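Protein chains in written order, with this note's numbering: chain A, 1 to 176; chain B, 1 to 573.
Be a bit skeptical, because a hint or two may be false.
[Unchecked claim] What the simulated footprint calls covered on chain A by chain B, stretch by stretch (three residues with Cβ under 8 Å from a Cβ of chain B suffice, anywhere in the stretch; the number is not a length):
id, stretch
1, 31-40
2, 49-58
3, 68-82
[What the hints assert, rightly or not] Example chain B residues on the side facing chain A (calculated, C-beta under 8 Å, incomplete):
id, residue
4, SER17
5, PRO18
6, PRO23
The hints are simulated quantities; they were obtained by calculation from the structure and are not laboratory data.
These figures come from a predicted structure and were not determined experimentally.
Backbone N, C-alpha and C define an ideal beta-carbon position, used for all residues, glycine too.
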Amino acid sequence: MELPLTVGVAATESALERFERLLGPEIDRAYQLAGYLLGHASEAEDAAGEAVARAWDRFDGLREEDRFRPWLTRIVVNVCRDRLRRRRIAPFVPLDGVEPEAADPFATVLARDAVGRALRLLGPDQRAVVVLHYWDDRSVGEIARTMGIPSGTVKWRLRAACRRMRPELEREESGR
Amino acid sequence: MKNDELGQRVRAFFATSPRPPAPDSLRRLPATVVSAGPDRERVRVPGVFGVRRWAGLGLAGLVIAATLAMTVGVRMAGPRGGSTGSPVAPGLTPAGPSSSAAATSVAPATPAGTGAPYSMGGLAWQEVGIGAFDGVEDLAFFPVDQGLLVLGTSRTAQTRLWLTIDGSDFQELDASPFRSDDPVTQQVRMTGLAKGPAGYIAVGARVQPGKPGSGTGTSSPLVWRSTDGLRWSAVSTRGLPAGGLGSVVATSTGYVAALSPSYSQTSGTVSPVFTSADGESWQATSVIATKVVSHAGHIVALTSNNSLAVTDDGSKWTTPRLATQVTSVTAGPDGFVAGTYDQAATKMSVIRSSDGRTWTNAGVTSNSSVGAMTYAMSSWVVLAGPDGVHDRSRITTSQDAVTWQESPIPDQVLGKAMPGGHLMAFRNGFLAVMQAEIGPGSMTEYGPLQVHLWWVRTARPGDVPGAPMPTFSPVATPSGGITEARAIAIASARYPVTMTAPFGKLVTIGGFDPKQTLVPAETPVWAVIVLVAKPGCSGKAPGPSPCDLPYTSIAVMVDYYSGDIIEVVDSSK
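Just chain A, same shape as in the assembly (with noise of 0.2 Å):
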């Protein structure tokens, strides 16, 4: 069992000491996930920053080191999903004709296959739930839970993703 942070074995950390000792497994996949839910290498490390700038202001509300992950994925999904909203990021992939940057694997990936392609006809809650569950595996009760919502809503969200991103696919396997 995870001692509280305050008398937790690392007594003698400071509060950044223990921040950035926490962070650090996780930011590679902080960063990804924010790449795939936004689809853009510079918006995801903005999107990243952001996430750990709140995460830090915030460090002192969270109790126990074992819910950092989760706690740092919520953090990260939701301000993924904010700027989704707030700049309508729709498309994942640049306009038709257009190639993306060589140096962006996350536009590359999602330019070159039909899932990514489906996966920009998402709402930012949709393609959220899509991503945390095929990409980072988590179930549906994990994603409820570090999403703060039923997991019936979970369900349902992803049953909607897949209505959404059903004629894209059958459109390429029928090779239109």
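Chain B: place on chain A using the hints.
Showing chain B alone in chain A's frame:
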């Protein structure tokens, strides 16, 4: 392609997708974000980590009660959460250069578009702030010396704050004092603002919503202070009980605030009115009330027993003699106006007063929906919702609160709005806040909303003629099913309706949260919403009491093909 095949396809895609490492810039907090020291210190900087802290608040709790209110249309009139008890006087002039300079020192102006003015019924509707409010679900207004503070809230994002001087440009301000730790589960709401001897004091609540419609949410009071109305800081309060603050007014010696009532399905909690000299230390008064408003040095409280109490200083209260039950009270430049409920006639009426002590009858409204109300353009202005006669919301205006005139609202406005909204007098017109549902919701909670802000003034030559309500062709439905009227008749036979007409909506259950129904997805049903009386609330006036909403709504699922009632969903359970 079946769902599991599609899932495998998506999983395979992600399995072969790259997992690039995070840039080094993300691996450590920049020194500008955190500085070493005995305790950590937070500094906001521009750039990657200098993100705008647009905070959030939420409009969580857009629950069945709201739906019910819109349907029933009796209570819930008046300003919604976030509105101030002190409307801006008509003719408010823009701030001068000095205040403008103060505002620009906070943040650059937010680029915002302005639409064409659409005229109809003597009024012109012009959308403002286009683009500035993306992702915002609701707006609330609070007048300050420099202009109008606009608070943008969402159930899923942090609160944002703007200042507008002219109603078209919106300067974004630092909203971090209104930030929530997690806007999805904990929302911060500002509900009132007053300028008094200790400067600006704003009140509100930290709300943790419960299950929609269950009344299980909890609130705690919040107070903020500002010297200029633009830069805010949270205040530690003493003497306030649990519960959210709903309104505040200023006196010559301090402030008077009322807590919002909190309700569950079976009980309600109301609190005393509190007074404070500085916004930090609060003392309870003997008056139990749910709202305070002020006009010309007089303060009127809407008491928990559907009456009014009056004071000038917050310490000595008197109770005017009233023959009817008061359900709402607001203040305008001419004085106070209160909505009352005539139980015998089941009619809403209006009474008026210049000092809060002597009240006169001012007219009888219809028993249809009375939505938001404000005083603008030398008239009382009411946003009236749809009812049995009117399919759509419209504006009704009156100079004497006796004779009312109706103005239709252009389709350019209503075409992207849900019923309801709220109004705020501003300059020589008023601002109207409308909301559009932009994603799927559930039966008890709206889906994601997008707010639209309209500036309404007297129409003049050159305005674009507004479009009337279009006539729609019948929505394509599968053949062989029963009609909406038949479905309503079937539902009404099971649940006799006494309050208002039921309405039906042809849906597939897949459109609802599957937790709320046992009916298989993709099954077309008529969801007929009917209202049934809450136990123990029969005959009681709608008003600030546990029977504030004396009816609860249930959805009767009528099979589209067979006409059988296949499920009943009670929002109160």
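Verification of the hints:
no.: 1; hint: 31-40; result: holds (count 4)
no.: 2; hint: 49-58; result: holds (count 7)
no.: 3; hint: 68-82; result: holds (count 4)
no.: 4; hint: SER17; result: holds, 5 Å
no.: 5; hint: PRO18; result: holds, 5 Å
no.: 6; hint: PRO23; result: holds, 5 Å
Of the numbered hints listed earlier, not one is contradicted by the structure.
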